Structure formats: C-alpha cells, structure tokens
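> If you want the building blocks of each chain, they are given just below.
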Amino acid sequence: NAGVTQTPKFQVLKTGQSMTLQCAQDMNHNSMYWYRQDPGMGLRLIYYSASEGTTDKGEVPNGYNVSRLNKREFSLRLESAAPSQTSVYFCASSALGDYSNQPQHFGDGTRLSIL
Amino acid sequence: AQKITQTQPGMFVQEKEAVTLDCTYDTSDPSYGLFWYKQPSSGEMIFLIYQGSYDQQNATEGRYSLNFQKARKSANLVISASQLGDSAMYFCAMREHQTGANNLFFGTGTRLTVIP
Chain C
1 NAGVTQTPKF QVLKTGQSMT LQCAQDMNHN SMYWYRQDPG MGLRLIYYSA SEGTTDKGEV
61 PNGYNVSRLN KREFSLRLES AAPSQTSVYF CASSALGDYS NQPQHFGDGT RLSIL
Chain H
1001 AQKITQTQPG MFVQEKEAVT LDCTYDTSDP SYGLFWYKQP SSGEMIFLIY QGSYDQQNAT
1061 EGRYSLNFQK ARKSANLVIS ASQLGDSAMY FCAMREHQTG ANNLFFGTGT RLTVIP
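Chains as they are written, first to last, in my numbering: chain C, 1 to 115; chain H, 1001 to 1116.
Derived from the structure by calculation, the hints contain no laboratory data. Remember, it's a predicted structure, so these values are computed and weren't measured experimentally. Each hint should be verified, as a subset may be incorrect.
A short, non-exhaustive set of chain H residues, derived as facing chain C with CB atoms under 7 Å [stated by the list, open to error]:
#1 A1018
#2 E1044
#3 Y1050
#4 G1052
#5 Y1064
#6 N1103
#7 F1106
#8 G1107
#9 T1108
#10 G1109
Each residue gets a CB set at the ideal place from its N, CA and C atoms; glycine is no exception.
Construct the entire structure; sequences and hints are all you get.
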C-alpha cells in the first residue's frame, strides 16, 4: 500500500521563487495535514484540512497556502520562498474517529532548501 | 507553555534491555489523546502507540507500552528487549479533543541509540 505519497523528495529553491509540494493519500482519509520539521523543534502544524472543501491555519501558516484539491490530494504552496522556510515538510492524513484516537499517517517528507 | 515536553535529548540502552522515554504534557482539555511516533534515520514517521485520556489501562503494542500517569500528566514510552533497529528519534504528541482540530502537538524528540 502506498499510504501517503509526497513529491518531490528533495528541492532547492532560490529566495523569491515559488513552488508547490504535492501530497496524495490512498487510505480514504478525511483529514490531511502539513507539518514542518526543524532541528530541535519537533513537528509544527502549518495547515490542515479536516475534510474535503475545508482548510484551516495551524501554528505556523505565514508564507504558505494550501489547496485541498479533492479527498485524496492536499497541496502546499510557497508563493515567495524565504531562507527561513528551509525545512523538512511532512504531509499526513487521518481518519475521523470517536475521541480522535485515529493516528496520523505520514508521508516520507520533502527536504526543501532555500538559498 | 509547551504542550509536550521531552526532557531527554538522547538516550542509550544496551541491546535486549528495556528503556523508558519520558514525556510530559500540558492541557486543560479533559479529553485528549497521546501518541508516540518513531523516526528512523531514513526520515519517515512511524506510529507506535496511542493512549486516550479516559482509557483505564495502559496501552501496549508488542514491545511498546505506555506508562500513563494522568495525575502527573506523563505518558512515558517503555520499549522492552531493545533491538538495534530501535535506534531512532522518538516523538511524543498530543491531540486535544475539544478543539476539534484533529491536529497533533509534538515534543522535540528523544534520540535513542541501542548499543550492541
């Protein structure tokens, strides 16, 4: 099973360039998430989509936009990349469940460097 | 204030021994869930174990168990019979149910090294 697939796996950008990180899941999950992971800081939520057609800001949304294209796909866009956005980006998905006991399933991450 | 605190940046354990990774949390939500994830050097995040705030018993999954002390707001991960493949980063995370957001708050992680 593919699970959560992220593309690309690696990317180098110049300051000011734009790009879109793609994420797709094949587990029929309703909820999808974008996190960033920086050294010593754990994972922080950028945006999430509780269900198809909805998106909400997380802890660190500035400089990013998202699109929930359909139930399977949730993309993250950097309109004007900045060096502070150098990070590893993870997409995740989860099913809805009573008392939210459903774990989030993660993709393999995208390592993004902004020069 | 940090919602999840992992005070051990690094831990070492001898192969076949047990090890406890600490996690404390901070929430005023009476209903919440606690998760542990493993991140090997290859980078993926692997779900290990879940504990709900209303669960009466400590969660167990194979060699993983969770020492849940609600009054102390701690949810320590116990790995029994450590294996070389257990060497990885381990993250504790929490979901607060009243927010309805379904998102996780992560700690900063503990790097576990299993010594042969």
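> Each hint should be assessed against the structure and marked as holding or not.
Hint check results:
1. Because the closest C-beta pair between H:A1018 and chain C is about 24 Å apart, greater than 7 Å, the hint is violated.
2. A distance limit of 7 Å between C-beta atoms decides the matter here; for H:E1044 the minimum to chain C is near 5 Å, and the interface restraint holds.
3. Contact between H:Y1050 and chain C, as hinted, is supported at the beta carbon level, the nearest pair being about 6 Å apart and thus within 7 Å.
4. Because the closest C-beta pair between H:G1052 and chain C is about 6 Å apart, less than 7 Å, the hint holds.
5. The criterion of a C-beta within 7 Å of any C-beta in chain C is not met by H:Y1064, whose closest approach is roughly 13 Å, and the hint is violated.
6. Annotation: H:N1103 was flagged as interfacial toward chain C, and the flag holds, the nearest CB pair being 5 Å apart, inside 7 Å.
7. For the restraint placing H:F1106 at the interface with chain C, the shortest Cβ-Cβ distance is roughly 4 Å, inside the 7 Å limit, so the hint holds.
8. Interface hint at H:G1107: satisfied, since its Cβ lies 6 Å from the closest Cβ of chain C, which is below the 7 Å cut-off.
9. The restraint placing H:T1108 at the interface with chain C holds, with a minimum CB-CB distance near 5 Å, inside the 7 Å limit.
10. Proximity of H:G1109 to chain C holds as hinted, the smallest CB-CB distance being about 6 Å (cut-off 7 Å).
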